[in-house]
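Enquirer: Below are the chains, spelled out letter by letter.
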Amino acid sequence: MRKAIWILWPAFIVGGLAETLFFTLFDPMDLHLFGEPVGLSRVAVYSIGFFLFWAIAAASSAFTCFLQRAADEINRCPLPVAGRPPGCPKRDDPNAAC
Amino acid sequence: MAQPPPVNPAEAFEQPLYEITRKIYPRAVHGWFAGWRWTLVWFTQLVFYGSAWLEWNARQAVLFDLAQRKFYILGLVLWPQDFIYLAVLLIISALSLFLFTAVAGRLWCGYACPQTVYTEIYLWVERMIEGERSRRIQLDHGPVTARKLALKAAKHAIWGAIGLWTGFTFVGYFTPIRELWGEVMVLATGPWETFWILFYGFATYGNAGWMREQVCKYMCPYARFQSAMFDRDTLVITYDGARGEPRGPRSKKADPAGLGLGACVNCDICVQVCPTGIDIRDGLQYECIGCAACVDGCNQVMDTFGYARGLIRYSTENALERHLTPRQALARVFRPRVLIYAAILSVIVLAATASLALRVPLKVDVIRDRAALSREIEGGMIENTYRLQVMNTIEAPRRFELRVAGLPTLAIAGDALIEMPGATARMVPVRLRVQPGQAAAGSHKIEFQVLAVDAQGVSVRERSVFIVR
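Residue numbers (our numbering), protein chains in the order written: chain A, 127 to 224; chain B, -12 to 456.
A few of these clues could be false.
[What the hints assert, rightly or not] Lysine-lysine pairs mimicking BS3-like chemistry, simulated, CA-CA at most 30 Å apart:
| # | chain 1 | residue 1 | chain 2 | residue 2 |
| --- | --- | --- | --- | --- |
| 1 | B | 204 | A | 129 |
| 2 | B | 142 | B | 10 |
| 3 | B | 10 | A | 129 |
| 4 | B | 432 | B | 350 |
| 5 | B | 10 | B | 139 |
| 6 | B | 204 | B | 139 |
[What the hints assert, rightly or not] To give an idea of the chain A side of the interface with chain B (calculated C-beta under 7 Å), a few residues:
| # | residue |
| --- | --- |
| 7 | 150 |
| 8 | 170 |
| 9 | 172 |
| 10 | 173 |
Since the hints were made in silico from the structure, they are not lab data.
Note that the Cβ used here is the ideal one computed from N, Cα and C, for glycine as well.
Work out the full structure: start from the sequences and follow the hints.
Expert: As structure tokens, then:
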């Protein structure tokens, strides 16, 4: 949950900035999709555009999070299953990396 | 050597993964600063909920019309080409924030931030329905009863209604609010409008009802960098440790000096009123949003004990250390950092105001026709075609005259008058002709001039080229 917020929240801000900048410079009515005019209302293009920007920014944040994991988060848990502390999310999975 | 305290393995394991948060039940507080906060709540919300309904020139006074790509702010109409003003506005806001922060810390957070304002409103609703702090704690820890369910349902219904109204108002700044209201009444809002009303409504409900101080602690970027604007002369909320310590309970009649105690009665009121749940007596912390609830709370306690107020107060690090008088502390406001922020801010505000005031309410772009560069027509004349993107940026209709210069005998074929309704943009096709033999083959620089017939000084020149083959 906390990781999800770490990924989604900064992406929301950056997505909003990208949206403002992009649509200040480009009018949705001038955009073409595979050679055809988009054919949606401006408000629809703004909204979809925002979610696209948000998703792209979130993908970048998620990738950062993914690469940021330390070795012990990637390696198999060295503790035997029985020795794992209560509350460990990988407690019941012998092959889990923690 | 002291042994480190034993660590519960579960706790040690969990902490890096999840933030263990305990619910904070802020106690209600009354006093000078709480009064100011409520004033600001009323002011900001009257502006926010109210100005969407104001009219100006028979349209919404403040409307960021996304569908038409025009921003109306009272008499001003801004177009995407005026993006620079938005950028300048952001710079002005940022610099003002720097200035206020350098002088008096997190004034924004404590009194004006929407997160604070809506949390204050939502807390008020919670208090009205569920009662004071202790009753809320009791209710939350008690068994599920019909009364508990009813209270919770009522609270969430009112929170939800405030959230929806906020979402509706927010969307009403981007799409005309009166039409939107008509659509809402018959449940006929467009899909995206419906979505954004619900989205913003839910965000308000979630942020002010549930997340509260966690937004400030974990989500707010300002909370993380505001300390860069602080120095030892910044006004912050401080606990006067020299006067307060050693803290301890005592009876109202007791003489603290005789008991070897300071002024702090250790009543914990400052912790209970804190919306972020910190103890200000531990010193300045990034979680402190500068709301001064602890100042109000502590002053009330000092009053009941008959001690001087201000054990917790707005002060500066230097003032506390060097025992400066308020007047001496105030004199330190005028220090280089503050003066530099103020100077840059004034220059930008002045420049932006001047530029807005002197803005010519007409924009012209010349686009050459790419298909036919140049053609010869009857009588051997050479003709070039152009498209002029003309924008009349004020709300009054205007009549413009088009002129061209740069080549002998260069003339406009057809009408040189352009009629434009208020706040509109139009593509105007223009054909220019030159008599035979007046221009050598090649490209020649020419200049278009568009000037208002009915207003002095409204004129724009744009350069282009005339091509002769």
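Enquirer: Starting from residue 432/B, check that the Cα of residue 350/B is at most 30 Å away, please.
Expert: holds (20 Å)
Enquirer: For a C-alpha distance cap of 30 Å, please report whether residue 204/B and residue 139/B respect it.
Expert: holds (26 Å)
Enquirer: A closest beta-carbon separation below 7 Å is what the hint needs, so does residue 172/A meet it against chain B?
Expert: holds (6 Å)
Enquirer: Hint validation: residue 173/A versus chain B, beta carbon distance must be below 7 Å. Holds or violated?
Expert: Since the shortest Cβ distance to chain B is 5 Å, the answer is holds.
Enquirer: Residue 10/B and residue 139/B were given as a pair; does the straight-line alpha-carbon distance stay at or below 30 Å?
Expert: holds (16 Å)
Enquirer: Sort out whether residue 129/A lies within 30 Å of residue 204/B, counting only the CA atoms.
Expert: holds (15 Å)
Enquirer: Holds or violated: are the alpha carbons of residue 142/B and residue 10/B at most 30 Å from each other?
Expert: holds (17 Å)
Enquirer: At a threshold of 7 Å, is the proposed contact between residue 150/A and chain B supported by beta-carbon distances?
Expert: holds (5 Å)
Enquirer: Quickly compare the C-alpha distance for residue 10/B and residue 129/A to 30 Å and report which way the hint goes.
Expert: It holds: about 20 Å lies between the C-alpha atoms, which stays within 30 Å.
Enquirer: Regarding the hint that residue 170/A lies at the interface with chain B, is the smallest CB-CB distance below 7 Å?
Expert: This hint holds: residue 170/A lies near chain B, its Cβ roughly 6 Å from the closest one there, short of 7 Å.
Of the numbered hints stated above, none is contradicted by the structure.
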